[in-house]
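> Residue-level listing of the chains:
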Amino acid sequence: MKKLILSLTLFSLLAGTVPAVLAADPPAAAPAAAPAAAAAAPAAPAKHPNAELVEKLGPAAAPQSDLRVGLDTLWVLVAGMLVFFMNTGFGMVESGLCRAKNCVNILAKNFVVFAIATMSFWVIGWGLMFGDGSGFMGKEGLWFVSGADNSPALGKGYEAMNPFSTTEYSGVYAAINWSPVPLWAKFFFQLVFAGTAATIVSGAVAERIKFSSFIVFSVVLVAIMYPITGHWIWGGGFLGANNFRDFAGSTVVHSVGGWAALAGAIVLGPRLGKFGSDGKARPLPGHNMTSAALGVFILWLGWFGFNPGSTMAAMNGSAISHILVNTNIAAVTGSLGALITAWVLLKKPDLSMVLNGCLAGLVAITAPCAFVSIGSGAIIGFIAGVIVVLSVLFFDKVRVDDPVGAISVHLVNGVWGTLALGLFYHGKKQFGDSAIANTVAALDTGLTRMEQVMVQLKGIVAVGAFTLVASLAVWFILKAVMGIRVSPEEETEGLDIGEHGNEAYPNFQSVGGK
Amino acid sequence: MKKIEAIIKPFKLEEVKDALSDIGVEGMTVTEVKGFGRQKGHTEIYRGSEYTVDFLPKIKLELVLPDARVDAAVAAMVKAAKTGKIGDGKVFVSPVDDAIRIRTDEKGDAAI
Chain A
1013 MKKLILSLTL
1023 FSLLAGTVPA
1033 VLAADPPAAA
1043 PAAAPAAAAA
1053 APAAPAKHPN
1063 AELVEKLGPA
1073 AAPQSDLRVG
1083 LDTLWVLVAG
1093 MLVFFMNTGF
1103 GMVESGLCRA
1113 KNCVNILAKN
1123 FVVFAIATMS
1133 FWVIGWGLMF
1143 GDGSGFMGKE
1153 GLWFVSGADN
1163 SPALGKGYEA
1173 MNPFSTTEYS
1183 GVYAAINWSP
1193 VPLWAKFFFQ
1203 LVFAGTAATI
1213 VSGAVAERIK
1223 FSSFIVFSVV
1233 LVAIMYPITG
1243 HWIWGGGFLG
1253 ANNFRDFAGS
1263 TVVHSVGGWA
1273 ALAGAIVLGP
1283 RLGKFGSDGK
1293 ARPLPGHNMT
1303 SAALGVFILW
1313 LGWFGFNPGS
1323 TMAAMNGSAI
1333 SHILVNTNIA
1343 AVTGSLGALI
1353 TAWVLLKKPD
1363 LSMVLNGCLA
1373 GLVAITAPCA
1383 FVSIGSGAII
1393 GFIAGVIVVL
1403 SVLFFDKVRV
1413 DDPVGAISVH
1423 LVNGVWGTLA
1433 LGLFYHGKKQ
1443 FGDSAIANTV
1453 AALDTGLTRM
1463 EQVMVQLKGI
1473 VAVGAFTLVA
1483 SLAVWFILKA
1493 VMGIRVSPEE
1503 ETEGLDIGEH
1513 GNEAYPNFQS
1523 VGGK
Chain B
283 MKKIEAIIKP
293 FKLEEVKDAL
303 SDIGVEGMTV
313 TEVKGFGRQK
323 GHTEIYRGSE
333 YTVDFLPKIK
343 LELVLPDARV
353 DAAVAAMVKA
363 AKTGKIGDGK
373 VFVSPVDDAI
383 RIRTDEKGDA
393 AI
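Chains as they are written, first to last, in our numbering: chain A, 1013 to 1526; chain B, 283 to 394.
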């Protein structure tokens, strides 16, 4: 029964792609009119803001436009590749912090989750998230990113993103028509973000989840849940339209992954032997701290694509630099905050806590990085480092078993970062023309800090309620229909053998492995 | 023939091996083990959870020698492995019924 459901899920996913592959290429995007011709159209009601410059440049305008788009695209794609590489970091962190007998399974989950995310986001996720539609979800251009679209043409109000073109955006992905790059660049960049959200879940459910159930959950997460909440915030939906801000995804990516992870950990239950009959948590130490530490360094580097890349354009060097420095400083102060907290509370500076602290800082700065000062970023990161240590201890106390601290890093600090955006908001209301929140990708709301905090809070609650409830529902359904947890015998032997028939370290013998 | 089994601190392995080599002992088998005697473990914290480390890493050496050489070997091992601090380990001597060299089928003292 369970194998049947898994097979049907995978088959329908793959089968759904066959029509796309066999069909002719989607109709070519509306050809970009020659800039000069557009500028010369006499009956246009209002002159395009770039028309004068384009006219003046004459035949030089088109190559200039191409160069501009090329540079923007280069930045977006390279940043996207850095974010893709974060999957390596996640794989190394998770496998390092878990036991050797489950190493293959964890790596396999990390591999398959990106594959699932790519397919799900391609088939329908992109469309639900960025297609024109209601405040709740996209409705146009749903399937296979094939809606009409003439990117890199820019939408009304965004003409300054490419002063050398007078082509207006025409298509069904208007929510993202402020970015001067081609459609597939937008897709790739957003895809690797979706993949990041999905892989967060794998850490919290590690060492006891059934591989097949994890696959099915990931499909639902990236095909439906993630795109819907993403639509609310980045896709033209009701949160973004009402002054909710999340620059690179503390809520969209990290808290969504975190809520799904929390739901999974709750429905799954703790690992065997994690909690004694007295309720006290027992440590199940990771098997490779080298892997975990190097993994965090890789994630840190990847975040240099995650945050600065979210400008989705290259030309505002000041903005990109500001965001990158903010990202870095939060990682640093997050590490320090966790280091100090662990040292004080737990008597020794536990490396796994410091690593969690670094990631917590990065998660927390993800939303505010383009909206706050560097000083604020440092504070936000430090507080994140303190919070993550306390959160790890808290979840052990309430008997939610999270082998790698994914919930504490991504959910708790995703929420903190989203709130911090409001608390430290550097907007025009307070700072006038010197406001940091004044770029296309980081649009000012005109609110005071406290007003912004209230807006952020509403978004946190909306996304949290939806994602948690939906995730719990899916996990419970999967539990009833196909089971989500391996047998106790398999869990004791190790999922590497049970789920995959592989061993990660076949020639090593370990004494007293639990 | 006697079998000598010694549990020693891991960093003492080279010293013990050299001491045995100096008196002409040419073979031994070594295993990485964990253990404790009266030396108590200690408490550590991993991600906020306490655990006791009872089992400490040790090295077990095993060698089989003719009766005449046992006392000298044991004395050399004890001298080389001693630090004077708790956890130095123990040496056990037990009788061996037979020994066979696999390559040549030699038996008894000729095999060791």
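Hint data in this document are derived by calculation from the structure and do not stem from the laboratory. Since we're looking at a predicted model, the values are computed, not measured. Where a beta carbon is used, it is the ideal one built from N, C-alpha and C, also for glycine. A couple of the hints might just be wrong.
Said to hold, decoys possible - Here are a few chain B residues that sit away from chain A, every Cβ distance over 10 Å (derived from the structure):
1) E326
2) R329
3) G330
4) E332
5) A350
6) A381
Stated by the list, open to error - A short, non-exhaustive set of chain A residues, derived as facing chain B with CB atoms under 7 Å:
7) G1291
8) P1295
9) L1405
10) D1408
> If a hint holds in the structure, say so; if it doesn't, say that too.
Verification of the supplied hints:
| no. | hint | verdict |
| --- | --- | --- |
| 1 | E326 | violated, 8 Å |
| 2 | R329 | violated, 6 Å |
| 3 | G330 | violated, 4 Å |
| 4 | E332 | violated, 8 Å |
| 5 | A350 | holds, 35 Å |
| 6 | A381 | holds, 26 Å |
| 7 | G1291 | violated, 12 Å |
| 8 | P1295 | holds, 4 Å |
| 9 | L1405 | holds, 4 Å |
| 10 | D1408 | holds, 6 Å |
Hint violations for this structure: numbers 1, 2, 3, 4 and 7, all remaining hints satisfied.
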